[in-house]
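Chains as they are written, first to last, in the numbering used here: chain A, 1 to 95; chain B, 96 to 577; chain C, 578 to 1079.
If you're looking for bench data, these hints aren't it; they were derived computationally from the structure. Each hint should be verified, as a subset may be incorrect.
[Unchecked claim] Label pairs and their in silico Cβ distance ranges:
| no. | chain 1 | residue 1 | chain 2 | residue 2 | range |
| --- | --- | --- | --- | --- | --- |
| 1 | B | Arg383 | C | Ala640 | 32 to 40 Å |
| 2 | C | Ala640 | B | Gly126 | 19 to 27 Å |
| 3 | C | Ala944 | B | Met400 | 39 to 47 Å |
| 4 | C | Glu869 | B | Phe169 | 34 to 42 Å |
| 5 | C | Glu869 | A | Ser72 | 53 to 61 Å |
| 6 | A | Pro64 | C | Gly865 | 52 to 60 Å |
| 7 | A | Pro69 | C | Ala944 | 40 to 48 Å |
| 8 | B | Phe169 | C | Gly945 | 39 to 47 Å |
C-beta: ideal position from N, C-alpha, C; glycine also.
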Amino acid sequence: MPLDLATVEQVAELAKLGLTDDEKARFTEQLSAILDYAARLQTLDTSAIPATAMVGGLENVMRPDEARPSLSQADVLANAPRSHAGQFQVPAILD
Amino acid sequence: MDYEIVIGLECHVQLLTQSKMFCGCATDYDGAPPNTRVCPVCLGLPGALPVINRKAVEYTVITGLALHCQIAEFAKFDRKNYHYPDLAKGYQISQYDLPLTRQGWLDVEVEGQTKRVGITRVHLEEDTAKNTHLGETSLVDYNRAGVPLMEIVTEPDLRSPEEARVFASNLRRILRWIGVSTGDMEAGALRVDANISVRPQGQAKFGTKTEIKNMNSFRAVKLALEYEAQRQIDVLEHGGRIVQETRGWVEGEGRTVSQRSKEFAHDYRYFPEPDLPPLVLSSTEVERLRAQLPELPEARAERLMARYGLSQYDAGVLTGSRAVADYYEAAVAAHGNGKAVANWVSGEMFRLLRGATLEIEAVPVSPQALAELLRLVDDGTIGISVAKTVLEEMFATGQRAGEIVRAKGLTQISDQDQLRQVAADIIAANPKAVADYRGGKPTAVKFLVGQVMRATRGQANPTVASEILEQLLNESNGRQPS
Amino acid sequence: MELHALTIHAARAALQSGDLTSVTLTESLLNRIYAVDNQIRAYLSVTPEVALEQAEEADRRRAAGDTSPLLGIPFALKDVICTEGLTTTCGSRILHNYIPPYDATAYRRLREAGAILLGKTNMDEFAMGSSTENSAFFTTRNPWDLERVPGGSSGGSAAAVAADEAIFGIGTDTGGSIRQPAALVGIVGLRPTYGRVSRFGLVAYGSSLDQIGPLTKDVTDAALVLGALAGHDPLDSTSLPTPVPNYETALRSDIRGLRVAVPKEYFVEGMEPGVERAVRDAIQVLAGLGAEVGEVSLPHTEYALPTYYIIAPAEASANLARYDGVRYGHSAANPSDIWDLFRTTRDEGFGAEVKRRIMLGTYALSAGYYDAYYRKAQQTRTLIKRDFDQVFTHYDVVVCPTSPSVAFPIGARVDNPLQMYLADIFTLSLNLAGLCGMSIPCGFSEGLPVGLQFMGPPLGEPALLRAAYAYEQATPWHTMKASLPLDVTSSELNETDEAEIG
């Protein structure tokens, strides 16, 4: 099932990827080829097969409710592209 | 046309844990400088991994049990994907198809009618960061990011804004009762969002709903939903169509407004969180948690009514919180008379607490001290009105009732001779009341009793004073005492 | 032998006997890096100050009686593993300036074992690729032929070890990213069982598939490094609590009775004849050593590639959502609004392959396609795992080629993503099933190294090491080195750097 340009644009928006027209065209073609290849999975009957989300067989991995030291504010903001008054700064978010 | 209102609630509840949902950062961010309760995990730094807080899971299961939910044998976390600056990882760790608990109920009582409201699910997730707006920019503080957050979703069973308000209030009572949350709406520990629609009476199909946010008090829940229901009805009455959207309650303007910025094309692409193995809850574990569950408010109210002969109203008031009920029962244990204690707790004690804006947890009068005061009334040492004054003093100073009565010489005067002298003076000074009495108005004696009480600064035993007054009035009238 | 060419165990003996100090050894490695890395380009950053400080500390520790297994041994760390205070780029423009405030558990454990960090190595961006050509910075060269790729995504660490620019290297393996480059540069690469090594501080690509492991000059070294890396970590919920065995005791040259399975699906058309010949010869060697070799079938092998290329991108699409220009890393200049900040930052910061996989993963998870792709892939994953479970009830290890081809020329596959993905066709089933595996040198095809892959059941590392060690002892391949012309200019550069360090 080949992808069309509109789907590629929709997926790019979900992923918040601002693609150029050239990238969109290229991805439409390349992703279609990959999905065509992946279509062979559809030939398998998996109706009775449980899904595997992770391997290792662990369950109930939890920690006790104990507070531990946090990073300093300076360390938290050390990599911030923009900060102000101890906080990360971004273009206005309108609610 | 008559319309029926249909409401379902989504309540987000911050859990009272020491540390965050998936990391060791403290949850005491209230009042802390921004970004000081943050670590690689809750800041979503590359390479950081989550680890589940056991207490948060237990609190969610306990909440599920209190709301009569089924507890899942197998639960897992999922990633809910969307981009927003308050979401450090670009996804929220939440629960999608296998939540910890589902299918419960909570009763609400409105206008004497009890209604059972279905709980769809209670699941566990992480809170988001806090955005603040500053002109052209916004600031992001991740202190709140990752605080354990429980989401409680109801069925669309509520039929009026008042039912929604009562539901939220009952839910808060339960959450506080079982000790899993402060339920503080203004502080954001309990956030109530509503889905609301209207439909013509008798129509089976639900109308188009809107989602209402930013309701920061129980009063706001009621006002916002009343406004929104009317707005929807008005739209329909004018031939319009309801747009499915998120609307925010603007408290100052008393109206809801469309929040277009929250209208993304929602496709959350949930998938199992690969960093967290699933949770398998054995029946042993669930029973261990069930055993920790305290007697719940409805059951306790029933028991108080049966055991102490309380009215439904009094039982309701005294189970408003677990601390009030505990206080009440401790005082009854120390005193014995359930009804008398109920009157004092729900009357005078609540009045004093309100005046001082204190919760019962901080009351300076212990249940035993209250019982002592009541015993002084029982044995006639002091009268009711003096007792009220003494309680105020106890409340203000923390002193015991006996000490206050002794120190201030407040012991009730029941001495016949002493009271006879006062009564004679009062009769002499109030000829009009005496004339009324003799003219056939027996109630005039009450006025005279009041005057005796006043003259003795409340220390006279009113029953004895009344007897003596009647005796004197009848004697001087030449009649026999009745 | 020159110091930089030593194995861990040889260097350890020299250090322990007092014939060598860690400072001398570390200086030798740094000199080697200055001499050859402008040809190989294995390192994204070299950290001489850190290395020499750590080496001095190691010498002090040894003087105080410390005999930690990796004490004083210099190594190269893939730049996808967080190091506090040292830039960690993941080979991406979006993290070109990112300095983590914490150490990954794996790095912390290596430091506790006494290892010396030489620098951070090049890789395909966010570990997505099989050649290092997807690095945002440059392509690493294969020491055997500088016009060819070293494999990927851990191509930098692999090439550094092969070119004697590190005594050992650390890589990560999501679909073959340790084993495939090990095969292509002729060294040993071990991918541990999922959960054996903590992922805390490993920048995630495919969380249910990622695992950190060693790239070494021989099998003994792989056992030593694995011993230092492995163990339970309470910071990684998928970390296995099982105690860590002593891997050195598995290094026995006797494999009589070891049951070795040869899966027929791993000898397919399109495979290079020289590769097949080398692997078939290796299996004969194993049989000659007394192993019981039998042919088996892993019937769902052909579905592994599409399964992997749905699951890994799906997980990656979420793992890479955090790079949005708000908290760290590249951030778009003058964004018009918050959405523009996200879109432009990510468009500018990610390379083509990363975008392709984010798109693929987002699509596979999106409404309407989830069941047909993501869920279907999860179910197929179960079938693939069952194939292996079946085989491992009768066999101790599986043996097969690591890669269908030897190192390919730089640029040969960049325009055809699917062709590039086929480089992982023999390695990624193991990741889907959560197994352990390793690649060791087993000969040459057209003058380029060929890798022999062993796969073992979960926690089957001792069996892998035993089989690999026996084969290694019986063959000369691990002693063979690429010859590199020394570069004069970089030797001169080195003197300046040393002066600065001193």
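Here is what the structure says about each hint:
Between arginine 383/B and alanine 640/C the beta carbons are some 54 Å apart, a value that contradicts the proposed interval 32 to 40 Å. In this structure, alanine 640/C and glycine 126/B break the distance hint of 19 to 27 Å, their C-beta atoms being roughly 51 Å apart. Hint check: alanine 944/C to methionine 400/B, Cβ distance near 52 Å, so the stated range 39 to 47 Å is violated. One distance hint, 34 to 42 Å for the beta-carbon pair glutamate 869/C and phenylalanine 169/B, holds here, with the actual separation near 41 Å.
A C-beta distance of roughly 60 Å is found between glutamate 869/C and serine 72/A, which places it inside the suggested range of 53 to 61 Å. Proline 64/A and glycine 865/C have their C-beta atoms about 55 Å apart, which keeps the hinted 52 to 60 Å range intact. About 42 Å separates the C-beta atoms of proline 69/A and alanine 944/C, a value consistent with the hinted range of 40 to 48 Å. Against the hinted window of 39 to 47 Å, the Cβ-Cβ separation of phenylalanine 169/B and glycine 945/C comes to about 27 Å, which falls outside the hint.
This entry does not satisfy hints 1, 2, 3, 8, going by the numbered hints stated previously.
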